[in-house]
Amino acid sequence: MAEQKSEFEPKIVVYACNWCTYAATDLAGTSRMSYPPNVRIIRVMCSGRVDPQLVLQAFADGADGVIVAGCHPPADCHYIEGNYKAYRRFELFRKLLGAMGIEQERFRLEWISAAEASRWVQVVNEMVAQLKKLGPLKPNMEVRE
Amino acid sequence: MSSVLIIGGGVAGIQAALDLAEQGIEVYLVDKAPSVGGKMAYLDKTFPTLDCALCILAPKMAALLRYPNIKLIMNSEVQDVSGRAGNFKVKILKKPTYVDWSKCNGCAVCTEKCPVKDVPNEYNMGLSNRRAIYIMFPQAVPKRAIIDAEHCMRLNPPPKAKEKAKGPLCGVCQRVCPTKAIDYEQKPEIIELNVASLIIATGMELYDPRNMPELGYGKHQNVYTNLEFERLVSATGPTNGEIVRKSDGKHPKKIAWIQCVGSRDIRFNHYCSAYCCMAATKQAILAKEHLSDVQCTIYYMDIRAFGKGFNEFLERAKKEFGINYIRGKVVRIDEIPETKNLKIIYEDTAESYLKMDEYDMVVLSVAITPNSKLPVPVELTEDGFIKMKDPYLDPVSTSAEGIFVVGAVAGAKDIPDSVTEASAAAARAALIAKRFSCPTEVVK
Amino acid sequence: MNGGSEFISVNPDVNRTVITLGGKSLLECYQCGSCTAVCPLSEALDVSFRRAIRYTQLGVEEKILGDISPWSCNLHGDCTDSCPRGASPSEILAAIRRYQSIKYDWTGIAKWWNNSSLMAKLFVYSALLALSLLIFFGYYWQKILSYASTGKLVVFSELLIPVAVAFFVSLVFLASNGYRAYKFMSKDKKAKIGFIKSLRVIASFFMKLETEAMGVPHKRERILEHALILIGIGLFILLGALYLIYPKFFDYEVISRALIYSASLTLLIGVGSPLIKRLGSSEKTHWYYKRFTHSVDWMSLLTLFPIAVMALLLFIFYDLSMILYAYIAFALLLSFLIPFLLLEFAFGKHTHWLYKVIAYYIGARAGYFRGE
Amino acid sequence: MSEPRIGVYVCHCGFNIAGTVDVKKVVEFAKNLPNVVVAKEYVFMCSEPGQDLIKEDIKANNLNRIVVAACSPSLHEVTFRTAIKEAGLNKYLLEMANIREHCSWVHHDKEKATEKAKEIVRMAVAKARYLEPLEELEVGAETSALVLGGGIAGIRAALELANYGFHVYLVEKSPTIGGKAALIGYIDPQTKGAEVVSKMIDKIKECPRIQVLTNAELIQLGGFVGNYNAKIRINPRFVNERCTLCGECEEVCPVEVANEYNFGLSRRKAIFLPFANAYPPYYAIDYRVCVKCGECEKVCRFRAINLKEEAKILELKVGTLIVATGYDPYRPFKGEYGYGLHPNILTLFQLERLLDPDSPTKGELIIGGKIPKNIAFIQCVGSRNTTPGAKEYCSRMCCTTAINSAIKIKERYPNTNVYILYKDIMTYGSDETLYEEAGKKLVNFIKFEEKIPKVLITPEGLFIEVFEYTIQENIRIPVDAIVLSIGMLPPRDIEELIAVTRVSCGGEGFVREAHLKLAPVEAPTKGIFLAGCITGPKNILESIRMGSAAAAKAMALLSKGKITIEPMIAQVNEEKCSGCAICVGVCPYSAISIKTVNGDRIAHVEKALCMGCGTCSAACPSGAMQHLGFKDLQLLAQTRAVFGGEVHG
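In the order they appear, the protein sequences are chains F, X, W and Y.
To convert, count from 1 in the first sequence and add 1302; that's this note's numbering.
To convert, count from 1 in the second sequence and add 21; that's this note's numbering.
To convert, count from 1 in the third sequence and add 24; that's this note's numbering.
To convert, count from 1 in the fourth sequence and add 24; that's this note's numbering.
Hints listed in this document are in silico derivations from the structure and should not be mistaken for laboratory results.
There may be inaccurate statements among the hints.
[Stated by the list, open to error] As a list, the in silico SDA-like pairs of lysine to any residue whose alpha-carbon atoms are at most 25 Å apart: (1) X:K364 - X:R353; (2) X:K376 - W:E236; (3) Y:K109 - F:N1320.
[Claimed, not checked] Far from chain W, by Cβ distances over 10 Å, these chain Y residues were calculated: (4) K64; (5) P260; (6) C270; (7) G364; (8) I431; (9) S454; (10) K471; (11) T494; (12) E497; (13) I499; (14) R500; (15) A632.
Backbone N, C-alpha and C define an ideal beta-carbon position, used for all residues, glycine too.
Could you build all of it, start to finish, from the sequences and the hints given here?
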């Protein structure tokens, strides 16, 4: 890793639901909040759209942390129950991470409503601090094409 | 096919405009503020689901820009309406914004450079300051800058400085503006329109609690109206959601809400304003979310949790958030000089005992008053609301043919009812606009 | 304070009677408690006017009769000014007081007095007046002429016997009804402080309350009128006592005349000014004079006014040494006094001073005064 | 797919982006990304000149993908889509790179911000590479409507739709339209419910476009928005329009049952007229209780009765469905406040009927044979958790109705004492003047809180014991009659309604709107609208307004005769689909069904119903289900682009 000698900067991939979390990231911008530039945000229509394989691919490609974020249960989801599906999948997924040698703290499932810009900034700060403690992800599985 | 004029750009006006535009009808939306959104734009969260008001309103406001047949006439007031259904002549006074809105694209660079920094910001109910040139709120639609002529050094230079200085005192925003949109010579203009029908959606104002001097609003620093508290608790508010007292900037330990301030009182307004019991409960919950150790009490006579999900919301407030409710009408608020805390005087009707409880902060749930003083030939009820012609057979029509009324200006109601009425009125207005009449309907 | 386990029965017709007794807006009240909260009394005295009105609305008889709050009301009128429902707690409480005095009176005359029309009351009053005129201008006429011939005003003579009898009779009624009132009001109110301390508490309470009220113009007006009447009656009693113990006092022309005239004048103004305001219709007069027009209110003034007039005339004639006319005025004074005592003083609005005193005493004794 | 030729446009947005991101470096970086043909910058991309820049480049360099690196897509995605459409490019071949809200505005280290902006652009370009042209779907739409439920909300919706030129089928389960509003005596002190309903019925009669089907039930609903086919079963009425309402048949009919149109106050025969100005205006035979003795048929001089009539099935093709099936009054269980144990204890609806001039007692308040001296209303029966059987919600209009009746009683019978025992009086808005008037008319209000009133049935008569909250005393009130102000429940047959129309229910059992504030009259499934008390307790005014609004929304959707649908929906790759139907269960809008295509089970997505959430494509094990605009490949490309990785295929 080139930047080894300079202080370790984790890279975090974020899958944000369009109606709530993505809107919160926008609001963090319009309200000029500041947070570390380690996150890369990918927009999906609903947190239910995020396929666990995608998250695994991100880890395989070198992500140090992944966040999946959607609307607050019980009633904020624009598609009524997409967030429940994500909740169901990623609670199971979190348990599998350990088996693959990836610390569970590298993955977070969050509910952030469109007005909770400060919550989004807090999640990013917490994640970056945690990953700096954990250090870079040490891949112990080769990736088949 | 002729067009429809909507007076008032609140949630009801916006919904009506969208429904009309959906059917391809040309819509003029007039609003006296520089941006649409009305009172709902001030809200942080809405009851009973506590989802954020902006997440509901912003998509609707943005949708307004997508329809080419919606013309927004902001910062303007209707001067005169004449004619009859199918052919109304309307005169609109467009007050100058001193910014050419076709050039301005809301980059807000001017709002950072303007030297006048201490104008009380109406959007935050005066709890924070803005510049002389400003954008009403970050998500305003249309997101355009506007110069507040009264406070602008260029347009209204302070008298002493005026004689000394030879030329114009300031021109920072014009120099800084990348698209050269600033135009100090802009004059008010009269717009004449010819429309098929009108929808009145001017909504409501809050009743001024200064009419009840014994409650001390305006005298005691820590007495707020519920809209001021809403701004205080809102993420986009003056303190970014920090609940702090005006007097010493500290977090309050005990907050009281006083219901029926100006409502259900023959000396002020007979009617009940319908929204305030639930709004107070919501604000108490928001206060608990922001300050976990705060004690919230609501003083009421009848808690009106009548709508869908309201009573469950109330039970949650009592059980989950520990908000207590005391039945008694507060008649006086005294300020304790040293701590600027407030002593509220009322009879606890459960214990038939006069009590004087002390609070750090008191929020008045203020009555609404309809914005019904309009140059439009419609009858009013004696409470000042716009009268419905026949609430059963012709729900959204007014006494004047072809003029419809929706939202709080027709009667105290909350957001879902206003939005429902807006759709109904839009369809009726569309009927006239499309000359689409069926023998059964009495439309001429 | 909280309700006992057993159930109190309710008489639905009570609110109907109280409404006819002048509490027109009784059921317009929606129990918000502003009247109690706004009243200057309630900061010092633990009473709830709302609860008194509530008992009456529901007809909880045993609680109404034991409630001292209607009697503690000093008719400041703040509650009526601030009632969000536009009801008039002042008038309702006045009506409750009438209802209570009816129930305290065992004879049933108070019931008739409070329910009958003004005409009926005036009829009975004038009948009694005619009777007393017969006594003085018939039976005693010769005696009066003989007294007149002596050229001196003899106050204490057998002329006073009928008045004394009337006074005695009225006292009997007052005492018995007062005792019943005491019984009702003191039920389940334990005595907490002694007699003297109660009096001191009441006195300090009144001083503070009235001085504050003096600041408000329309309240000052009514307090002064009421004070004039009290002073008037007080001075007359003093004169009577002086006449008995120290008759030579009347030899000092100047002081005695001053005392006499001030007594009759204060009584006259005290009674006359509210009467004129009630009869007049000028905008300035406070709603109190326009609204409190129950026949009982009228009678309380109409019966007292002629007495004040005659007292004044008596001394004027005496000073103008028109002895016969002085005696005629004296006879008229006594004739007006008899129906006043038997009707108004024993059963009318004037009984309120007795019940008020009892109420305050019991309230003070039971520790209702805060801060004691 | 054609070889991707991508144009990248980086916006300065005044200083907003250029202030912290070195736009020139980002443009240089973008220039040598694979498939990037053009990379430019401009101070305001969203302005007219900015859009023109893109349009010219599309024509000059025949670009087929555009990436705009500027603000958030929620602001100007639509602006740029319309721009590239005007340049002849399919408007979905655009990807926004959010380098303002996500980068320049939130990071202040110029060097790191520029690095991040580069990577955001790289991700956008990676996704753009796999964007495909998509067409908005257009579906033909019937301009006809099925209104389910003939109450005032349904009638209002039908009238409005007829105004817009729709043909309307008004389907009502009972033999007459008018619903409960026709039975409630007085809506407010001046207006009678029956009068309002008869005026509305007159309008229905005048309008040729409304077809009223009574004794009718919707048994099946297929198709999708704009193209529903509804199956209606019309139960036999046995009486036709020749009936002259002479009533002779009624006399001879041997069967007698409780009259539900008087809420059980009186009885009626098997053949009956629901109420005076019922519509359709002729008798009906209650097919559930008629014993087919034939007496009425014999006696009818106008041959209006035919007992051999059979139930008919009707197939209708409609564009939209408006559900307005109303509510059911709460039925107190035996003994609840003494209900059913004493003749003088009745429900608010029964009292309303009593006060109605054409009631069995001709409007006189005769209960238990005489006019009651003391009558008490008990509020919140069946609502606000007062009794074990009660629901948690407040039924909103029982207070106003009770006060209305109390005022009526005090006007006609001044010496009757009227009590209203309440928890909170819910006369919201301008109904508060009713509460005031009740005070002036000497109605006595008694407040209780947690401890609910108790009804005593004793030989000396009825008593109510209640712990009066404002004096904290247990009082016992002697009463002659007790009225239970009953609340509103969802209709008993709501299960069938849900099964047929696929609407869904909220917590308290009423039908759930798509969004309480954004779309209060629409069901989550597109094309179905809701009106009246089916979504929750409302007063008559609000139900009527909701009827108009539902009609208005339906008209707006269908008035153009066709419907455009967002193309970002799910699409099945038929070869890969194994028919495992995981996606069917996952879809909140039941837009996916399994069809057997020449032997194979294949998932089929109903285009009009799919709202494009993508949950099914994430659940699909074989990758057959793809979410257009967010395909696996596109998201994968974006993910790998974060680290500079590539995706093949």
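Verification of the supplied hints:
no., hint, result
1, X:K364 - X:R353, "holds, 8 Å"
2, X:K376 - W:E236, "holds, 21 Å"
3, Y:K109 - F:N1320, "holds, 23 Å"
4, K64, "holds, 68 Å"
5, P260, "holds, 53 Å"
6, C270, "holds, 48 Å"
7, G364, "holds, 24 Å"
8, I431, "holds, 12 Å"
9, S454, "holds, 16 Å"
10, K471, "violated, 7 Å"
11, T494, "violated, 5 Å"
12, E497, "violated, 4 Å"
13, I499, "violated, 5 Å"
14, R500, "violated, 4 Å"
15, A632, "holds, 53 Å"
In summary, the numbered hints that this structure violates are 10, 11, 12, 13, 14.
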